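Novice: Sequence:
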Amino acid sequence: MDSQHSNKKICFEETLDKMEAQNITVDKWGRCKQEFVKTTIQIKYTKEQYIIYSQDGVILRMDQIRGGCKSSDILSNVDQIQYLFFQGQYEQNERKSGRWRATWDGEVIENVGGYYENGLKQGFWKELNKNYCRQQRLEFQKCPAEIFENGEYSNDQKIGLWKFFYDDKQIGGGFYDGQAQKTGKWIEVNNGFNKSSQVTYHGEYKKGNKVGIWDIFYVDIYNTSKQIGGGLYDVNGNNTKNGKWIELSEWVDIKSCITLNGQYKTGRKIGRWDILIYKYQQHDNPEIRKIGGGLYDDKGEGNKIGRWIEIKDKYDDISQIIFTGEYDNGIKNGNWDILFSERASKIMKRCKIIKKILRGGGSYKNEQGKPIKIKNWVESSDNYKANSKVVYTGEYKNGQKVGRWETQIKDLFSKNNQQMYRFHHLTIVS
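Read in order, the letters of the sequence shown correspond to residues -6 to 423 in the numbering used here.
What the hints contain is simulated information worked out from the structure, not anything from laboratory work. Treat the numbers as computed from the prediction; the structure is a model and nothing was measured. Heads up, a few of these hints could be off.
Here are the simulated lysine-lysine pairs, DSS-like style, with alpha carbons at most 30 Å apart [said to hold, decoys possible]: (1) 272 - 363; (2) 237 - 292; (3) 219 - 123; (4) 156 - 123; (5) 156 - 40.
Ranges between beta-carbon positions, derived for each pair [to be verified]: (6) 229 - 208: 16 to 24 Å; (7) 153 - 305: 42 to 50 Å; (8) 178 - 18: 44 to 52 Å; (9) 163 - 327: 35 to 43 Å; (10) 300 - 390: 21 to 29 Å; (11) 272 - 117: 26 to 34 Å; (12) 117 - 174: 17 to 25 Å; (13) 327 - 217: 43 to 51 Å; (14) 103 - 395: 35 to 43 Å; (15) 45 - 178: 40 to 48 Å.
Glycine included, each C-beta is placed from N, C-alpha and C at the ideal position.
Let the sequences and hints guide you as you build the complete structure.
Specialist: Below, the structure is given as structure tokens:
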């Protein structure tokens, strides 16, 4: 029987009819932002032995669970949930057998897949990286993250040399030992790796754990790979960071990247940590600016203390959001300011750099170890950006919005070949 099913099947010791819907965080390619973003979906297992992926009440995918119990292996990429399926044969015992091929949106992906024997992967396989997504039929849906990996399986476990490929070039890889643990030198790709954010990690594994020096490399706008960070893992093989580290923030693109610089002690951040932005405008040296930071306690508990300057996930010279306020043993407390900083482009302002800063924010109180918003707040939307700025003004009571909330929208539009802003005001009463 020829069937089309996901390669990701789940089976648990508990009976499926007792399982409740679970919220999980997955990656999604942001069509507008052209980067991976985090989103929450729900998964549910039914007594009829189906797994259902849904979001906000809309079913994204429904797969039948076949072939016996396996370790949990849930699809963690919205594009793959919607478009990725595998075609192949099942034996009478409901186990996969023979050649299985991957399809994307109904079309076979060339040479992707491999062979099963009695439900176990065997021999050479070409697989999709967990963040793989590809261009859809409409150009505006383009997702430049077609990453593949290939290597050998023995009884469903990876062995020997595995390689990562992007744009027909090898970008990483390393060896698995006989127990399917990573060993020796490895080059790994960042979770959000794509055309505009190419980050790799170079270092050594011992019995599946990172040890010694690991370096972080980044490909800039000139397609040049440069070391941008890294640090030391404990040689005892417990994946513990120690000493000085330069880490990359989640937001990276080919024009700039943000690093977090500071010290680790037995896996916990201590002392002063600075946030730096690297702007690549010339071939040789980037422009480096300190844009934030603060202190962690010296007790090794990893708690932020005192005054901090923090940034929104995505930060660049066109649209910047900065948060500044006090931490009390890792908990935000008291007044926090939000600075909405905008630097107009040279084209718009005839090469004159004009920067203006708007202020927002509000107050927190520490309630049973959690920061709770209280009183009046001015906040930005999650999608606050240069050409569409949305700001909300209203009141919180014990962490919940109450009463009248004003929404101000500032859109960028063109008139007579000039770029101008217009404002909209909305009122929401809760």
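Novice: Now tell me, hint by hint, if it's right for this structure.
Specialist: Cross-check of the supplied hints:
For the suggested pair residue 272 and residue 363, the alpha carbons sit about 36 Å apart, so the restraint of at most 30 Å is broken. With a C-alpha separation of about 17 Å, the suggested pair residue 237 and residue 292 falls inside the 30 Å cut-off, and the hint holds. Proposed proximity of residue 219 and residue 123 is supported: the alpha carbons are some 25 Å apart, at most 30 Å. Distance hint between residue 156 and residue 123 is fulfilled; the C-alpha atoms sit about 14 Å from each other, no more than 30 Å.
With a C-alpha separation of about 39 Å, the suggested pair residue 156 and residue 40 falls outside the 30 Å cut-off, and the hint is violated. Range check, residue 229 to residue 208: about 20 Å between beta-carbon atoms, so the 16 to 24 Å window is met. In this structure, residue 153 and residue 305 meet the distance hint of 42 to 50 Å, their C-beta atoms being roughly 43 Å apart. In this structure the supplied range 44 to 52 Å is violated for residue 178 paired with residue 18, their Cβ-Cβ distance being about 31 Å.
Between residue 163 and residue 327 the CB atoms are about 51 Å apart, so this pair departs from the stated range of 35 to 43 Å. Checking the proposed 21 to 29 Å range against residue 300 and residue 390 shows it holds: the Cβ atoms sit about 26 Å from each other. Restraint check, residue 272 to residue 117: a C-beta distance of roughly 43 Å breaks the suggested window 26 to 34 Å. The given range of 17 to 25 Å is respected by residue 117 and residue 174, whose C-beta atoms sit roughly 20 Å from each other.
Under the hint 43 to 51 Å, the C-beta atoms of residue 327 and residue 217, about 44 Å apart, fit the expected range. For the pair residue 103 and residue 395, the supplied restraint of 35 to 43 Å is violated, since their beta-carbon distance comes to about 56 Å. Separated by about 41 Å at the C-beta atoms, residue 45 and residue 178 satisfy the suggested range of 40 to 48 Å.
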